[in-house]
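The task is simple: from the sequences and hints, build the whole structure.
Okay, so the sequence shown: first residue is 1 according to the working numbering, each after it adds one.
Nothing false has been slipped in among the hints.
Derived lysine to any residue pairs resembling SDA-like cross-links, with alpha carbons at most 20 angstroms apart:
no., residue 1, residue 2
1, LYS79, LEU134
2, LYS79, LEU68
3, LYS79, GLN21
4, LYS79, VAL137
5, LYS79, TYR29
6, LYS79, TYR28
7, LYS79, LEU140
Rather than coming from a laboratory, the hints here were simulated on the basis of the structure.
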Amino acid sequence: SSGINAEYGQYTPPRSSVPLQILLHYNYYYFALFFLVQILAMAWKGTVLPYAGPTLAAEVSLLLLYALCEAIRLYLGNKGNLTEQPFPTVVFLLLTLPMTMAYVFTMLLQTYVLHLDAIMSYIGIGFCGLEFILGIVVLLQFSRSDI
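Shown next as structure tokens:
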């Protein structure tokens, strides 16, 4: 961790990443917007477009699962970065893959895909990609300074 090293009385600079923290902060708001838009779009699609059987319910359930996964992912990314701990950062990085897959599903594989779905998914994939790259850099900084 950063601060004054009590054993040696030396200052150790912080290893956490400000750019990663900024991305995580804005991604909290972005995902809330994404979730709201998806819920509204699914409500519109459900009333206007024909769905076969339980397809709409399955897609809504997947969206709720995405929201839970993304909340955990962002929390662990935030915690790992601010506390400079590798374990939450590793789990954050591992959860980035299912979230990227969720955005790809929303963009390409839903029963009905709106242009808005695709655009918002591209932005979400951009957040995930940048956070993954910065997360790897931060994880390397954490492990390099632990040696």
